[in-house]
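**Q** One line per chain: the protein sequences are A and B, in this order.
All residue numbers in the first sequence are consecutive under my numbering, ending with 445.
All residue numbers in the second sequence are consecutive under my numbering, ending with 925.
Hints were generated in silico from the structure; no laboratory data involved.
Treat the hints with care, as some may be off.
Take a look, some chain B residues computed to stay more than 12 Å from chain A by CB distance [what the hints assert, rightly or not]:
hint, residue
1, V486
2, D495
3, S517
4, G520
5, I540
6, D568
7, Q569
8, V589
9, N676
10, E697
11, R767
12, R783
13, G785
14, R826
15, F847
Distance windows between CB atoms, simulated [stated by the list, open to error]:
hint, chain 1, residue 1, chain 2, residue 2, range
16, A, H178, B, G608, 18 to 24 Å
17, A, A388, B, P545, 48 to 54 Å
18, A, A111, B, G537, 41 to 47 Å
19, A, P100, B, P675, 40 to 46 Å
Quick reminder that beta carbons are idealized off the backbone N, C-alpha and C, glycines included.
Here are the chains, one letter per residue:
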Amino acid sequence: MKADDARSYLDELVTWATAGLSAGEVLLAQLSGEDSDFVRFNHAAVRQAGNVAQRSLALDLIDGQRHAEGSVSLTGDVKTDHGRISAVLSELRAVRAALPADPHLLYSTDAGTTEHLIGGGPPQPGEAVDAVVEGAAGRDLVGIYAAGQTFRGFASSLGQRNWFSAATFNLEWSLHHHADKATKSAYAGLQWDRDVVGAKLDWSIRELEALGRTPRSLPPGGYRAYLAPAAMQEIMGMLSWGGFGLRAHRTKQTPLLRMVTEGAEFHPSVRIAEDFSGGVAPDFQSAGFSRPDSVNLVDEGRFVGHLVSPRSAQEYSVETNGAEDHEFPVAIAMAPGRLPTADVLSELGTGLYIGNLWYLNFSDRAACRTTGMTRFGTFWVEGGEIVAPIEVLRFDDTAYHLLGDRLAGLTDQTETILDSSTYEERSMESFRLPGALVEEMTFTL
Amino acid sequence: MTVIDVSLEDRLRAAMPSDADYASARHVVERASRLAVRNGVVEPSASSHDEGVMFVVWRDGGVGYGATSDLSDQGLRVAVEQAEAWAERTRGRSIVEGTPLLHSVGEYSSMVAQPFDALDVADQVGLLIDADIALAGGDDQRIVDRSASLARFDTRSILLTDGGGRVVQDIRQVFPSLRATANEGSNTQSRTYGRTAFAGQGGLEVLERHGFREASAKIAAEAVALLDAPNCPSGTMDLVLAPDQMVLQIHESIGHPLELDRILGDERNYAGTSFVTPEMFGTYQYGSDLLNVTFDPTVSGQVASYAFDDDGTPAERTHLIRDGILQQPMGGSISQARSGLAGVANSRASGWNRPPIDRMANLNVEPGDSTVDELIGGIERGVLMETNVSWSIDDSRNKFQFGTELGRLIEDGELGSIVRNPNYRGISATFWRNLSGVADDFTVMAVGNCGKGEPNQQIRAGHAAPHCRFADVEVFGGEA
Numbered sequence: 001m002k003a004d005d006a007r008s009y010l011d012e013l014v015t016w017a018t019a020g021l022s023a024g025e026v027l028l029a030q031l032s033g034e035d036s037d038f039v040r041f042n043h044a045a046v047r048q049a050g051n052v053a054q055r056s057l058a059l060d061l062i063d064g065q066r067h068a069e070g071s072v073s074l075t076g077d078v079k080t081d082h083g084r085i086s087a088v089l090s091e092l093r094a095v096r097a098a099l100p101a102d103p104h105l106l107y108s109t110d111a112g113t114t115e116h117l118i119g120g121g122p123p124q125p126g127e128a129v130d131a132v133v134e135g136a137a138g139r140d141l142v143g144i145y146a147a148g149q150t151f152r153g154f155a156s157s158l159g160q161r162n163w164f165s166a167a168t169f170n171l172e173w174s175l176h177h178h179a180d181k182a183t184k185s186a187y188a189g190l191q192w193d194r195d196v197v198g199a200k201l202d203w204s205i206r207e208l209e210a211l212g213r214t215p216r217s218l219p220p221g222g223y224r225a226y227l228a229p230a231a232m233q234e235i236m237g238m239l240s241w242g243g244f245g246l247r248a249h250r251t252k253q254t255p256l257l258r259m260v261t262e263g264a265e266f267h268p269s270v271r272i273a274e275d276f277s278g279g280v281a282p283d284f285q286s287a288g289f290s291r292p293d294s295v296n297l298v299d300e301g302r303f304v305g306h307l308v309s310p311r312s313a314q315e316y317s318v319e320t321n322g323a324e325d326h327e328f329p330v331a332i333a334m335a336p337g338r339l340p341t342a343d344v345l346s347e348l349g350t351g352l353y354i355g356n357l358w359y360l361n362f363s364d365r366a367a368c369r370t371t372g373m374t375r376f377g378t379f380w381v382e383g384g385e386i387v388a389p390i391e392v393l394r395f396d397d398t399a400y401h402l403l404g405d406r407l408a409g410l411t412d413q414t415e416t417i418l419d420s421s422t423y424e425e426r427s428m429e430s431f432r433l434p435g436a437l438v439e440e441m442t443f444t445l
Numbered sequence: 446m447t448v449i450d451v452s453l454e455d456r457l458r459a460a461m462p463s464d465a466d467y468a469s470a471r472h473v474v475e476r477a478s479r480l481a482v483r484n485g486v487v488e489p490s491a492s493s494h495d496e497g498v499m500f501v502v503w504r505d506g507g508v509g510y511g512a513t514s515d516l517s518d519q520g521l522r523v524a525v526e527q528a529e530a531w532a533e534r535t536r537g538r539s540i541v542e543g544t545p546l547l548h549s550v551g552e553y554s555s556m557v558a559q560p561f562d563a564l565d566v567a568d569q570v571g572l573l574i575d576a577d578i579a580l581a582g583g584d585d586q587r588i589v590d591r592s593a594s595l596a597r598f599d600t601r602s603i604l605l606t607d608g609g610g611r612v613v614q615d616i617r618q619v620f621p622s623l624r625a626t627a628n629e630g631s632n633t634q635s636r637t638y639g640r641t642a643f644a645g646q647g648g649l650e651v652l653e654r655h656g657f658r659e660a661s662a663k664i665a666a667e668a669v670a671l672l673d674a675p676n677c678p679s680g681t682m683d684l685v686l687a688p689d690q691m692v693l694q695i696h697e698s699i700g701h702p703l704e705l706d707r708i709l710g711d712e713r714n715y716a717g718t719s720f721v722t723p724e725m726f727g728t729y730q731y732g733s734d735l736l737n738v739t740f741d742p743t744v745s746g747q748v749a750s751y752a753f754d755d756d757g758t759p760a761e762r763t764h765l766i767r768d769g770i771l772q773q774p775m776g777g778s779i780s781q782a783r784s785g786l787a788g789v790a791n792s793r794a795s796g797w798n799r800p801p802i803d804r805m806a807n808l809n810v811e812p813g814d815s816t817v818d819e820l821i822g823g824i825e826r827g828v829l830m831e832t833n834v835s836w837s838i839d840d841s842r843n844k845f846q847f848g849t850e851l852g853r854l855i856e857d858g859e860l861g862s863i864v865r866n867p868n869y870r871g872i873s874a875t876f877w878r879n880l881s882g883v884a885d886d887f888t889v890m891a892v893g894n895c896g897k898g899e900p901n902q903q904i905r906a907g908h909a910a911p912h913c914r915f916a917d918v919e920v921f922g923g924e925a
């Protein structure tokens, strides 16, 4: 079925399935789908290109506190899909009979209807190819273009219906000078403008000039550093890995454990929230609960709130705030600071301008100590001027330094970054982040 | 011949264009299920039926794909039209000219000694409840979270080509998992059942290979013991890696650098490039002469064994590093044609909705002739590290830092007390040259979550290795 028909198809399927439920049974259903073009580039030519049209239906079949979950791909053919759904429901009934009651089960019993459509204008399928192949002709460009419609729908046998769809594009590329010396950029959003992508490609080409200089090989040690928003995305990505979920806090697995046990704090200028305004995430979650506009997580450097899934709400006897079961933020936003964005090089003075970080992981999770590498667009700066690119460096430092006692300032402008992740399906997550100036960042290799 | 849905197979064949330079349809059905018990509560059971098809069309120097879960005649027709349209749009703009792909015919099925279904859902739950109880460590209040789970993946793929190719493969994989997390104040320590390393192809026998039924009590005891253990010491010393850390070391600092698509630059915007360059093959000293590495999709029970890759290239055991010298990369037929280098059958897709790219399959360090005791006996001061917990490496796959769940001090040739937060760092290009001992306890394992590619793909890779000893490694612990 076409993407535009998916909403009515979900309604039809769940209405049909509801008619076949046994007395006392409740069915929750979530449809996920996308119609996406993917074009992969290397050396400013096409490596792989194609289209993916996929729809799947996740089901939770409930009887009292007993339930079982399953998902099935949808073919679009009503007869086939009815057969598949029947088979799944039969299997779920059989599995459910072998399971005990689930004390943590919690689902929406609402019967309301919501709709959230983010209309966009992705380009015609070949237009992005033209823009890249022609705009970067003769250059060594590598990247990915992903565009099209993504959608989520929730429907329950209790009558609730929620629908979300977004038509977005995300063109992300790196432009290489030699070896691993490259700039990184992206053009993502709702309304494609060829002039904008052309201007961004031209800017990337101009950035290459600095990458041609002899790279600096810096010894391990502490360096003053500016982390651009894309680098901050990696830092926030690590904090999001258990940092804000209630379950991770109650089971002492959060990387922010010292905030809980010792009252550790970030710098007072750090304010972090889950904020759906400006994001591209659905405003409901898979058990049917709606999400508030925002959830404050860190305020004035102190931990103030958790993301709470329905299961955690039951387990720990608190209210859910619409988090998915993983309790990771999906639209994280960090408030801007006072550092003039235009002045970051002069404010940095002498040190490292870090455009991107790469492959972060915890070297001591409980202490929020993180390691990772510098990558694209990272330069040695002296006297507020870019001097040369650097050979990649490994950092190993705690967030309590980087966002705490060594944070010199956050930029006065934030950047919205639509997550380019495409594992299994195109991500609907986003980040809104400032850059950060750090008095000293520890590098070890 | 393995029987699949004949009508679907006929319809897939009929949908393929007849005038392409090469066309294929790859249909994949993956049925998965997972049961888990956490802190005495049976978590929601999860099952999935993921099914779809990808058509690929090569025509006049262009190539495109169309993938869909819509298996109606109309859905198939639209997917083929998408593939043809992208082949047309990329004509003259594609980095790949002309197809080197084969029209292979063959079949493969995982060896299954004890069918997984012999254990019904109630029995599985019972097994997991028993494991969960043991993970509580005798109701030790310091254990604050624990979980036990069993996941299975049954995957059937069929690759049809317009030249009569037909490859059918049935893969059965089992992923067991155990975890105990202990806490005191600001100190939290977790111990697992090899993280994802103890997965394999097969049925219930996968659980027996590493003692799933008996492992929980030891995991709980070690999680608690780590709370009281000192931090791993810092310094340059000998390091012994257990097989469930070797899998990660192989994966990150041999596997990824040898992927030919990285060497060709395809991954530079995402997963990265490689410090390995084409002229190194045949001469480069990758490691000490104790290092022998094979790409081996023939190991029975290993998680990524198969007879053909997802481009239909027949798979066979190949030495990539012999006596320390780099022999050849891991690249599928397309990368081989682009580079002029030899390769292996490693073009793999994470599912029907992603195109194949160069991946690891089973990548193994071959056993040596020392016992583990002999490896340790030769160490004056060092650390043995078990079970990966942290991994980070630069985009050229050179500067790495890895952490493990548990370390054991080695002093004067004897294993000593455990230490917490053990980490080590090094550089791939020199680390393997310091390989000073390879034990004979070849252990077949896995890495369950390898991410790569644009659009992104996560696959399961197999790795096997014995205990290995490395000299002069920078070792350190966590925050005080």
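**Q** Taking the hints in turn, state whether each one holds.
**A** Going down the list of hints, with the structure as the test:
1. V486: Since the minimum Cβ distance to chain A is about 6 Å, V486 (chain B) lies within 12 Å and the statement is violated.
2. D495: violated (5 Å)
3. S517: violated (4 Å)
4. G520: violated (6 Å)
5. I540: violated (4 Å)
6. D568: D568 (chain B) not clear of chain A: closest Cβ-Cβ about 9 Å, inside 12 Å.
7. Q569: About 9 Å separates Q569 (chain B) from the closest Cβ of chain A, which leaves it inside 12 Å; violated.
8. V589: The claim is violated: V589 (chain B) sits with its nearest Cβ about 5 Å from chain A, within 12 Å.
9. N676: About 9 Å separates N676 (chain B) from the closest Cβ of chain A, which leaves it inside 12 Å; violated.
10. E697: violated (9 Å)
11. R767: With a cut-off of 12 Å, R767 (chain B) remains clear of chain A, as the shortest Cβ separation is near 28 Å.
12. R783: R783 (chain B) not clear of chain A: closest Cβ-Cβ about 10 Å, inside 12 Å.
13. G785: holds (16 Å)
14. R826: holds (22 Å)
15. F847: Since the minimum Cβ distance to chain A is about 9 Å, F847 (chain B) lies within 12 Å and the statement is violated.
16. A:H178 <-> B:G608: 18 to 24 Å: violated (41 Å)
17. A:A388 <-> B:P545: 48 to 54 Å: violated (42 Å)
18. A:A111 <-> B:G537: 41 to 47 Å: Roughly 56 Å apart at Cβ, these two residues miss the hinted range, so it is violated.
19. A:P100 <-> B:P675: 40 to 46 Å: With a Cβ separation near 42 Å, P100 (chain A) and P675 (chain B) satisfy 40 to 46 Å, so the hint holds.
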